[in-house]
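**Q** Place chain D on chain W using the hints.
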Amino acid sequence: MTDSKYFTTTKKGEIFELKAELNSDKKEKKKEAVKKVIASMTVGKDVSALFPDVVNCMQTDNLELKKLVYLYLMNYAKSQPDMAIMAVNTFVKDCEDPNPLIRALAVRTMGCIRVDKITEYLCEPLRKCLKDEDPYVRKTAAVCVAKLHDINAQLVEDQGFLDTLKDLISDSNPMVVANAVAALSEIAESHPNSNLLDLNPQTINKLLTALNECTEWGQIFILDCLANYTPRDDRESQSICERVTPRLSHANSAVVLSAVKVLMKFMEMLPKDLDYYGTLLKKLAPPLVTLLSAEPELQYVALRNINLIVQKRPEILKHEMKVFFVKYNDPIYVKLEKLDIMIRLASQANIAQVLAELKEYATEVDVDFVRKAVRAIGRCAIKVEQSAERCVSTLLDLIQTKVNYVVQEAIVVIKDIFRKYPNKYESVIATLCENLDSLDEPEARAAMIWIVGEYAERIDNADELLESFLEGFHDESTQVQLQLLTAIVKLFLKKPTETQELVQQVLSLATQDSDNPDLRDRGYIYWRLLSTDPVAAKEVVLAEKPLISEETDLIEPTLLDELICHIGTLASVYHKPPSAFVEGSRGVQHKRLPARAGSGESAESPEVGQSGTSEAPPAVIPSQGDLLGDLLNLDLAPATTTVPSVQPSMQMGAMDLLGGGLDSLMGDESDTLGGDIGGSPSMGAALGAPAAMPAALSNAPAVGGGLGDLFDLGGGVGMPTGFYVAPKTLFLPAMKAKGLEISGTFARRGGIIQMDLSLTNKAMSVMTDFAIQFNRNSFGLAPAGPLQVLTPLTPNQTIDVSLPLGTTGPVMKMEPLNNLQVAVKNNIDVFYFSCQYPLSLLFVEDGKMERQVFLATWKDIPNDNEAQFQIKDVHLNSDAASNKLQGSNIFTIAKRTVDAQDMLYQSIKLTNGIWVLAEMRVQTGNPNYTVNRNKESCQ
Amino acid sequence: MIGGLFIYNHKGEVLISRVYRDDIGRNAVDAFRVNVIHARQQVRSPVTNIARTSFFHVKRSNIWLAAVTKQNVNAAMVFEFLYKMCDVMTAYFGKISEENIKNNFVLIYELLDEILDFGYPQNSETGALKTFITQQGIKSQHLTKEEQSQITSQVTGQIGWRREGIKYRRNELFLDVLESVNLLMSPQGQVLSAHVSGRVVMKSYLSGMPECKFGMNDKIVIDKQGKGGTTDDTGKSGKQSIAIDDCTFHQCVRLSKFDSERSISFIPPDGEYELMRYRTTKDIILPFRVIPLVREVGRTKLEVKVVIKSNFKPSLLAQKIEVRIPTPLNTSGVQVICMKGKAKYKASENAIVWKIKRMVGMKESQISAEIELLPTNDKKKWARPPISMNFEVPFAPSGLKVRYLKVFEPKLNYSDHDVIKWVRYIGRSGIYETRC
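Chains as they are written, first to last, in full-length UniProt numbering: chain W, 1 to 939; chain D, 1 to 436.
So that you can see chain W by itself, here it is in the shape it has in the complex (with noise of 0.2 Å):
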């Protein structure tokens, strides 16, 4: 039988002629007609004006023609909702149907065929499908449910059906359970408060028996659904562990990551020490490798999901490097995927191996794969130093072979490894420059200008270097052109005899040429440093880097555990929150891994996880201190050199008051705590007076906090004291709030706190009804009132509004400290988005200490409770010091003098009454404060 001739009719008057023979009486012509409808229907023509004659074939007792004539009406049903309505009665009489394939047959049909009017009357036959005797129709009629829910969902409700669903997870037959247990999986996504699938031990244990009898598709919606559930501690957890385990032996890679899904999520909550946490750690491995054997599309998805794992567990995979050796015949994006996971693995142990393999991949085809090998060969030198020799001349071999891309990747990874070994590998800077003029992409150029200006002081011809980028510098990328500015300025501090020059030339091309308000703000922000105090400038622009990271792109850890618990889906193959790809509230809700059990956080998080509305994407945090750190030179390329999860801890440069030691008090160990607080007022000195500060500038855009915030405070040396308010940053781009953009700050006036928040409608069409809500945070901040936005916000307009805010809400320690997640709603959409207030918002008006008190207190406190640090090149008396600190709440109790250095006590309270007290020294004639910092509680 050949169909395929139904292919090739395409003379004109088809319909018409088809039309005739589907009226025909002979029945073969008329089942060779529906072929020729479906066979144009796929196709893609438009076959719906057959719609009356195709349905009238319906009533046949020829099942393969009725099969035909459902896929039509499934097809054209919704476009012709009157007419669909005559094939009702057919389909409720083949529910009768003493035959249960076709019973099976008709209620998989009639899910499909989307007219409202029509789904009323499927529900009665629906309901005896249900409990039907023959589980062929049962299992049909389960996910008839969440096609009918998905037409109507109302509907379903009030027939009852989620009832009679939830009771055929008790059914005898395993295919009907798996196929409950998804129906119910996809209804309770799109309610995600309902807990309709109300998960307890007698429902898993029903699922875990299912489990082992039913197709091997069941078992993937079993385990998905398993997923979800949360043990009750650590015991349930384990006896779930080891009935999912065999399930790592099946055939089908898609139920092994199931099952590795499952283990991961309740590995969590077994104790590190239980013997039975390392069984599993090894019985992970060998499927996980076993998966690399699979077809290449698989092989992708694994690799994807591995990646999280390596991340989240690096244990798991450690000994099994050679298994990601790159095969000369696997597909690119199996190649790539396996050198991320290389590095990620490459430790002392493997790392010659490792290296003998980068090296032949340098000599591949594909130029992102040796691109990306090139870098790989960057990062082992970074990550194991004893490789680092043989790393950089390897990296030198690639260099020789003088092919463009190669020697552009190698120049970028090689100034990651001057930055990690600074003062070992110059030697081979003679060798770069031999290939100065073959860079023409940014970011290898933006390395090569970054390497001349750091050791500018050994190339003998720097400036001649530099100066031969100068020339076309307004054809240059941004990268580039910031840059060769800080370049230039770092040359000129290191020989400012011979290049005056040249700095002239750059700052007057980057301020007053310049378009662009990085570049021009960085210009002028340089040129004022020279000329007002260039040993100021010295120590800025030359000061000692942050070291840099070992790991790279790592992901942001919240994002990692959600992941984990997406493993297999299409969000671990993205690396990305399903709301970041799915439409809709579907994707809304976040997987949170359960908390171990005996941990302090196991009480609340996993409530905390239910919460749907409340909680915001783990968004990378904002680099808010980015352009300061450009000041200092470290803007080379963020995304190698910063982990993202780990906030720069450079913000504010040296203004880090409040840093460490707060943290140690909350019992935490990481010292991530961003600190531009209170600090800030005494910085403004920093840059003395500004002497001609262009008109451009004192409306400078909120770009970064850094730049502005110096200026604010430039202003304000005189001022009376007040609260240090920073300029508004953005919060929420508009690109990921459907044109919503909102940029804020926070303030204390009077003794409240306020959010200013800036609203502009960047979208086409008016914006109304909003709303804001917090997460719990760390200090219990929340709206005192509503977001008074009362007119709509129409296209373009901006609105500033002030939320008072409390700190009576709900509290939950965050990472970092100050860290705030927001939900705004508004007629189209929540959005989501997080941003740090400053810690000096919290620092109550009568947190001036009794001396007595704070004498006491003060010897008190432990030792392990004390923090120290330095504020650089501030230019203020203590007495104007104290008087700017005051303004931000923090008292000066007392002050002594002692050896020319003024000793000042200070004292602070945060809202949930603890007490922070600090010792300033300030040295007359030294810029450079040094604080002592005590921290107590007293709730």
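Do not rely on the hints blindly, as some may be mistaken.
[As the list claims (entries may be wrong)] Pair by pair, the computed Cβ-Cβ distance ranges are:
(1) W:K813 x D:Q240: 55 to 63 Å
(2) W:E14 x D:E274: 27 to 35 Å
(3) D:A39 x W:K45: 48 to 56 Å
(4) W:I332 x D:V353: 19 to 27 Å
(5) D:K219 x W:K131: 49 to 57 Å
(6) D:K282 x W:T431: 40 to 48 Å
(7) W:E133 x D:K282: 47 to 55 Å
(8) W:T431 x D:E372: 15 to 23 Å
(9) D:E261 x W:E133: 34 to 42 Å
(10) W:S393 x D:M339: 20 to 28 Å
(11) W:K45 x D:I50: 19 to 27 Å
(12) D:R262 x W:K813: 44 to 52 Å
(13) W:K424 x D:Q240: 33 to 41 Å
(14) W:E441 x D:Q240: 56 to 64 Å
Bear in mind the hints are in silico, worked out from the structure with no lab data behind them. Where a beta carbon is used, it is the ideal one built from N, C-alpha and C, also for glycine.
**A** Leaving out everything else, chain D in the frame of chain W:
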């Protein structure tokens, strides 16, 4: 879940289009064609996201199969399903080609209706499907009531892969241990990576519902028995046991039993199927050793000498030996001399292909070639792809041995002894490469 499934020919014309979900429109069909099929560049990912719609695709010869979704589906499941879909189609009408698909489009729609409901994969075992979906139209309308319920209970039942009432005059089974041995060796002869991926394929022609138990020289099992101290030959068999890194089983195998006792018991499907897959990395017998020697003589000449050594018992015979020596793109002429077999330079494949029909163990053979090169101003050095090799040997390079396959059928009166059993070992080259 899967929102829709499309099959395209190489030009991007739609051959089959089945939409399961309302959120997938007809424009999705075109989006994939324009963005992936017509993009005409190397596929950078098997998953493509176009306007918040995700496309999963696999290619079989020049046919594209694409599954579409707008949800966060289980990606591994979608690919597994697409492969399964290919298996089912192949089982019904042979090779997946444009012609076969067009000829069977009604059947394909019928299958898609059955194995994918609202985007959820359902039973897709060909054995079960063939009982009620056939190429000769639908069978079920002429069935008796018992037959109908037998079908439905099989499709939904615990043993979905086998039907009741199978009868053979002669009970017979064939076991094939098929291994592919993979090697990556450095030019100096250091093993960079080597592993065997093996499959045990079974053809069973057994009556009734036979209960089978399969045993092999798995180190864990042998060691366990050794501990009991009951057998005399513990020492001997212990030496011959192999360490299996990992194995996966056909869904008929009781996994929980394997997990607890490491015994492989099952009721097999009728006919041919893959019982298990396994992977080993320890003590692999590498059937051939390739020793390359490449010398660049000036800028326009290469001298290549390759020696192959067979490394197995002299009584065994390797077949279909093929060595592929890559040549640079700017090759202008090649002269080859080989001791054994035939060697030819194939310009279209950029390689010298050396074929030897048969070779016994513990022998060696050699080829030398002179490659003339055209002068180029291409700065990039020739990447020197690895020398690859193909062969077939009549043993299992992993060392795996089948110890027993016992058959019990309590209801019918035939015993394990009445079953005729055949075992065969075939070792083939997987990716067997030596860098030069």
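**Q** For every hint, state whether the structure bears it out.
**A** Verification of the hints:
no., hint, in the structure
1, W:K813 x D:Q240: 55 to 63 Å, "holds, 59 Å"
2, W:E14 x D:E274: 27 to 35 Å, "violated, 46 Å"
3, D:A39 x W:K45: 48 to 56 Å, "violated, 26 Å"
4, W:I332 x D:V353: 19 to 27 Å, "holds, 25 Å"
5, D:K219 x W:K131: 49 to 57 Å, "holds, 52 Å"
6, D:K282 x W:T431: 40 to 48 Å, "holds, 44 Å"
7, W:E133 x D:K282: 47 to 55 Å, "holds, 54 Å"
8, W:T431 x D:E372: 15 to 23 Å, "violated, 34 Å"
9, D:E261 x W:E133: 34 to 42 Å, "holds, 37 Å"
10, W:S393 x D:M339: 20 to 28 Å, "violated, 41 Å"
11, W:K45 x D:I50: 19 to 27 Å, "holds, 24 Å"
12, D:R262 x W:K813: 44 to 52 Å, "holds, 46 Å"
13, W:K424 x D:Q240: 33 to 41 Å, "violated, 54 Å"
14, W:E441 x D:Q240: 56 to 64 Å, "holds, 58 Å"
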